[in-house]
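Read off the chains here:
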Amino acid sequence: MDNFRNKFIEEATEHINDLEGTLLLLEQDPENKELVEKVFRIMHSLKGGGAMFGFERISEFTHNLENIYDLVRNGEMFVSKDLLDVTLAAVDHLKNLLDDRKSELPQTLDVHQNLLAKINNILESKNAIAITKDINKDKGSTNVTSAIASKTATYYILFQPNENIFDNGTNPLYLIDELYSLGQAICIPHFNRIPDFDKLIPTQCYTYWEVILSTAQPFNAISDVFIFVEDECHIDIHKLSDYNLLENNEFYGFIQQALKSSNDIGIDNLQTLASRINASIMVKEKKTDDRLAVSKENTISSIRVSSEKLDVLMNLVSELVTTQARLSLFAENSNNNELIAIAENVQKLSRQLRDIAFSIVLIPIENLMTRFQRLVRDLSQELKKEVQFVAEGTDTELDKTIIENLTDPLLHILRNSLDHGIEEPAIRVKHGKPRQGTIMLKAFYSGANVHIQISDDGAGIDTEKIRQKAISKGLISPDAVLSQKELLEFIFIPGFSTASNVTEVSGRGVGMDVVRRKIADIRGEVEVESKLGVGTTTTIKLPLTLSIIDGLLVKIHDTFYIIPLSSVDKIYAAEHNKVVGTFNQLIVLDGQQIPFFYLRHEFELEENNAPLEQVIVVRYEDKRIGLVVDSVVGEYQAVLKPLGKYYKNQEIISGATILGDGTIALVIDTNKAIKYFAHKYKVEEVK
Amino acid sequence: MSNNKQHKINSYLTFKLGEETFAANVSKVLNILEMTKVTKVPKAPPYMKGVINLRGAVLPLVDTRIKFEMTPTEFTPNTCILVLDININGESVHVGALVDSVQEVIELDDSQIMPPPSIGTRYKSEFLEGVAKIGDDFVMILDMDLIFSTDELSLLKESVNEEQQQEQGNVG
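Chains A and B supply the protein sequences, listed in that same order.
The numbering used here numbers the first residue of the first sequence as 1 and each following residue consecutively.
The numbering used here numbers the first residue of the second sequence as 1 and each following residue consecutively.
These are calculated hints, taken from the structure and not from any lab test.
No residue lacks a Cβ here, since even glycine has one placed at the ideal position from N, Cα and C.
Treat the hints with care, as some may be off.
[Claimed, not checked] Pairs of lysine-lysine residues, derived as DSBU-like cross-links and limited to a Cα-Cα distance of at most 35 Å, are as follows:
#	chain 1	residue 1	chain 2	residue 2
1	A	Lys-578	B	Lys-40
2	B	Lys-37	A	Lys-570
3	B	Lys-16	A	Lys-672
4	A	Lys-578	A	Lys-400
5	A	Lys-680	B	Lys-133
6	A	Lys-555	A	Lys-682
[What the hints assert, rightly or not] Sample of chain A residues lacking proximity to chain B, with all beta carbon distances greater than 12 Å (derived):
#	residue
7	Asn-192
8	Ile-255
9	Asn-269
10	Asn-345
11	Arg-428
12	Lys-485
13	Val-534
14	Lys-641
15	Lys-645
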């Protein structure tokens with residue numbers, strides 16, 4: 001049972017998150033019926049699940065909410081801001097109710113009563129309207145039943161018993177009765193075969209019947225009715241429609257008329273009529289069908305898999321890719337055509353498998369947006385500020401573990417922007433800014449990294465304030481000369497807060513240092529840029545740890561290295577003595593002077609004596625820098641593997657990958673490597 | 001640091017570094033590999049030999065001899081890599097350790113393991129779980145978790161002076 005409960009909690013959490021997102025969308029687009037429908041549906045499943053697994057409060061709670069949204073759904077109530085406020089508060093409350101530890105706390109119970117009262121208020125205030133519209137509501141519900149009923153199909157059955165059917169004791173009327181029991185039926189008896197009285201033989205059957213049957217039973221159920229009389233009669237069964245035609249006025253009228261006249265209706269007539277009616281029903285039903293289809297898609301389009309299994313899958317796939325590379329290499333050398341063909345097939349398959357497997361563990365940061373939107377919405381109300389939240393590039397995908405660790409830092413940065421960044425509307429207007437502040441979240445790929453930028457058009461950070469604070473804390477001497485960037489670095493120091501008044505939201509001095517530490521845990525970096533009066537931009541740079549990168553495979557001495565292709569600009573060949581033994585570390589390529597690093601020197605290897613060296617020009621910030629290697633092997637798709645804890649101080653190499661023959665190639669983080677080399681030269685110059 | 005659970009397995013793998021014999025609890029040793037191709041990682045400390053390909057995983061390789069302040073390992077047909085499961089702050093991390101040769105697996109009762117002597121060894125006693133006498137040899141049982149999770153470069157005692165002080169303290 002506990003197991004089921006946990007499952008429910010897990011599912012309910014997902015539902016609640018879904019609900020939150022939908023509600024926020026609904027706020028933007030209150031007229032959207034589909035969203036209302038979705039809200040209702042989620043409430044409904046929460047209610048059902050809650051009751052089943054002993055979360056009575058949840059079930060009681062959602063029941064009332066569900067009622068409200070039922071009214072909205074039927075057009076008897078409108079999505080108002082009040083309603084959304086209460087619902088969103090309810091969403092938070094639901095989260096607490098799910099948590100065993102919190103659900104029994106007195107404050108939770110207080111909130112519970114409070115919200116219940118609010119919900120009831122809303123319900124009661126609408127009751128007056130609701131009553132007058134009751135008829136409408138009824139109509140709404142019949143629509144629903146007809147939608148269900150329309151799953152039934154309509155059949156035409158012609159039952160013509162042989163004249164001697166009575167001989168074996170069959171009563172045809174019983175068979176007709178049986179048909180009636182299958183669903184809704186109309187029977188048209190025909191007596192036109194009955195002969196004149198003097199010729200009539202009472203032990204013979206002259207009557208035959210036409211039956212129109214609407215039933216949810218399958219075709220076989222109908223033919224089974226006649227199973228024992230098959231040889232003694234003529235039976236014709238046709239499906240007329242996938243809908244219940246007997247509910248259609250036009251069709252019903254037609255049948256009624258046929259009942260009055262004693263003529264045969266005939267299957268042909270019926271079918272033409274039926275097909276016409278079918279078409280019109282289909283158009284009508286399409287809309288509801290679509291809706292049903294969407295909800296169906298929602299329920300089966302995803303399955304729950306434990307992340308452990310995914311990790312195992314990833315490892316296996318990586319091993320498979322590596323093994324496959326070996327196979328390809330072996331096949332190529334074997335000159336066996338059949339083997340080469342097989343190897344190629346395996347390669348194709350494993351590539352597809354790899355792509356799928358990688359895409360499974362990557363999730364778009366879209367998943368985080370709901371929480372952010374919610375935060376901005378609630379907090380801006382609380383702080384009486386007007387803020388719009390814009391997100392861009394939310395389809396940027398990151399490893400799931402990175403996403404998980406990203407939430408808190410991002411929330412914190414957003415809170416900072418809201419609390420300290422964006423000014424109150426009046427002040428904004430005074431400064432000639434639009435009343436409404438903007439917080440923008442932008443995510444994009446940059447080389448082998450993903451950048452997430454949060455920028456606001458608020459007050460910016462006063463570096464002079466930071467300076468004063470740093471002096472008063474004794475961190476710098478009053479006459480120290482520091483750049484803007486260096487001053488901004490102080491906000492990452494634990495306990496350093498420039499906010500003069502501590503608020504609920506932020507300014508307690510635990511903040512940016514935690515953000516930086518958390519981001520560093522996932523091997524990312526945080527930078528802040530700010531201009532007083534213009535705004536602040538926080539940039540988080542994240543590695544794509546668990547991903548494949550397109551790289552350039554190069555060789556230095558006996559070791560293979562991978563340079564991420566995304567940062568490579570151009571490759572040049574250069575004479576050995578142009579790059580070795582120069583004083584200024586500059587080389588002229590395409591008429592441009594380009595600073596370069598001879599990697600053999602940097603990696604403390606002896607010079608090689610080859611006449612030609614390869615200069616790989618990479619982009620570093622906005623500059624172009626050359627990296628000199630022995631030779632370029634070619635392009636390579638590298639499955640990035642971390643070097644692990646033992647190399648955690650190793651910044652130049654961001655990871656390793658395994659080549660086809662099992663050799664390990666090291667992946668160079670060009671940004672960090674160049675930073676490191678440049679720093680080293682700077683230090684040497686000073687000396 | 002040492003985990004009590006591990007003492008339930010009383011099997012130890014012995015190996016040699018130079019002339020000295022050491023032992024590690026088998027629960028720490030996942031695998032013994034022959035010497036394989038090592039990829040050197042630039043700008044790493046000298047005892048970090050590089051990385052090897054362990055069935056598709058990248059395994060860091062430590063030159064144990066350098067950790068023990070011996071000359072770097074010279075590769076012979078006997079050189080082996082022990083794949084160790086090291087517990088670093090509660091996290092299980094795999095690492096390869098180069099040893100000159102692997103000897104055997106021995107069974108040792110807790111009663112056979114003597115506490116590490118504070119004098120007479122060159123190594124800091126916290127890195128030793130104990131000492132056992134096998135035949136005429138003394139085998140030093142190492143605390144692998146501690147040795148391979150410390151950033152400390154040297155496992156040797158700080159200086160002769162300190163050693164003498166300790167000695168005096170013990171005598172007094």
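Tested hints:
1. Under the criterion of a C-alpha separation no larger than 35 Å, the hint pairing Lys-578(A) with Lys-40(B) is consistent with the structure, at around 27 Å.
2. A hinted pair counts as satisfied when its Cα atoms are at most 35 Å apart, and Lys-37(B) with Lys-570(A) qualifies at roughly 32 Å.
3. Under the criterion of a C-alpha separation no larger than 35 Å, the hint pairing Lys-16(B) with Lys-672(A) is inconsistent with the structure, at around 39 Å.
4. Between the alpha carbons of Lys-578(A) and Lys-400(A) the distance comes to roughly 47 Å, so the proposed pair goes past 35 Å and is violated.
5. Restraint check for Lys-680(A) and Lys-133(B): the C-alpha separation of about 51 Å exceeds 35 Å, so the hint is violated.
6. For the suggested pair Lys-555(A) and Lys-682(A), the alpha carbons sit about 27 Å apart, so the restraint of at most 35 Å is met.
7. The non-interface label for Asn-192(A) is consistent with chain B: the shortest C-beta to C-beta separation is roughly 84 Å, beyond 12 Å.
8. Residue placement check: Ile-255(A) keeps its beta carbon more than 12 Å from all beta carbons of chain B (closest about 72 Å).
9. Listed as a non-interface residue, Asn-269(A) keeps its Cβ farther than 12 Å from every Cβ of chain B; the least gap is roughly 72 Å.
10. Consistency note on Asn-345(A): stated as away from chain B, and its beta-carbon is indeed over 12 Å from all of that chain's, at 21 Å minimum.
11. No Cβ of chain B approaches the Cβ of Arg-428(A) within 12 Å, the least distance being about 48 Å, so the stated non-interface status holds.
12. No Cβ of chain B comes within 12 Å of the Cβ of Lys-485(A); the nearest lies about 26 Å off, and the non-interface call holds.
13. Every CB of chain B is more than 12 Å from the CB of Val-534(A) (nearest about 40 Å), matching its label as outside the interface.
14. The non-interface label for Lys-641(A) is inconsistent with chain B: the shortest C-beta to C-beta separation is roughly 5 Å, within 12 Å.
15. Listed as outside the interface, Lys-645(A) is inconsistent with that label: its C-beta sits roughly 5 Å from the nearest C-beta of chain B, within the 12 Å cut-off.
The structure shown violates the earlier hints numbered 3, 4, 5, 14 and 15.
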